[in-house]
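The task is simple: from the sequences and hints, build the whole structure.
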Amino acid sequence: MRKTLQLDLDFFLQKRQEIENEAANLAPVAGSDMEGLNPCVLPVTKYITAEETRLLLDEGQAPLGENRAQELEAKTDPGQDPGGWHFIGKLQRNKISIVAPRVDLIHSLDSQRLAESLDRWVEDHLNRRLGVLIQINIAGESQKSGLDPVEALEVIPDWIDRYPQLRFEGLMTMAPQIPAEECRPVFQSLRKLRDDLRLSMDSSHAGDFRHLSMGMSADWQVAVSEGATLLRIGQSLYPPVSPD
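Heads up: the sequence shown is residues 561 to 804, going by our numbering.
Hints may be right or wrong, so weigh each one.
Below, simulated DSSO-like cross-link-like pairs (lysine-lysine); rule was C-alpha separation at most 27 Å, straight line [to be verified]:
(1) K606 x K655
(2) K655 x K704
(3) K650 x K606
(4) K704 x K650
(5) K606 x K575
(6) K606 x K704
(7) K655 x K575
(8) K704 x K752
Note that these hints are calculated values from the structure, not bench results. This one's a predicted model, so the numbers in the text were calculated from it and none came from an experiment.
What follows is the structure, encoded as structure tokens:
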């Protein structure tokens with residue numbers, strides 16, 4: 561597949577700063593227990609090479625987000641700080657051993673089977689808990705993974721108790737590919753679901769369960785205005801490859 565985007569560091573830094581500045585202005589005022597959760601731009605690295613990714617890490621642009629286990633493996637070094645990475649793609653259980661030790665947060669926990677497998681692997685192989693976000697299929701799209709919102713209200717409190725090796729930090733959703741403003745109800749619903757879940761938790765778990773990973777290059781402004789804390793931004797940060 562021909563590479564269509566490239567890293568231009570000056571372009572990247574300028575665009576990231578522009579997005580962060582606008583996001584800070586668009587974000588709703590958080591409650592006192594949500595302080596410190598200004599919207600964070602998570603640069604997506606699936607568009608760029610391992611060498612370009614390492615340049616971003618050297619420039620202090622972590623955490624970065626990767627969609628594919630094999631790409632994450634190629635773009636990380638043995639012993640690298642897992643705090644530099646989030647995994648944002650669909651995670652297959654046979655790739656847990658690649659992904660889990662390399663990241664601080666997985667955005668795509670989408671089933672009890674995956675939760676069980678992650679919890680077991682972390683207990684056996686890591687000396688730290690692993691952060692996770694639970695993927696919610698708010699729009700009910702058949703081609704997308706994630707829990708149904710009603711199901712989520714029932715099972716997430718149980719998962720938190722059952723899988724102590726996982727640090728449950730919030731929710732993630734992927735909005736439909738429709739005009740950005742039409743995605744607003746999706747983002748509103750995810751925020752309400754997170755807030756409802758937090759009310760059912762004790763204070764220690766509720767304190768962790770704060771993130772909303774929602775919003776990408778096409779719709780992040782709407783997502784931020786509805787409370788997004790993690791913005792998965794890819795194409796907006798990279799210029800097209802110049803034609804030969």
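> Can you name, in rising order, the numbers of the hints this structure does not satisfy?
Replying inline: 7
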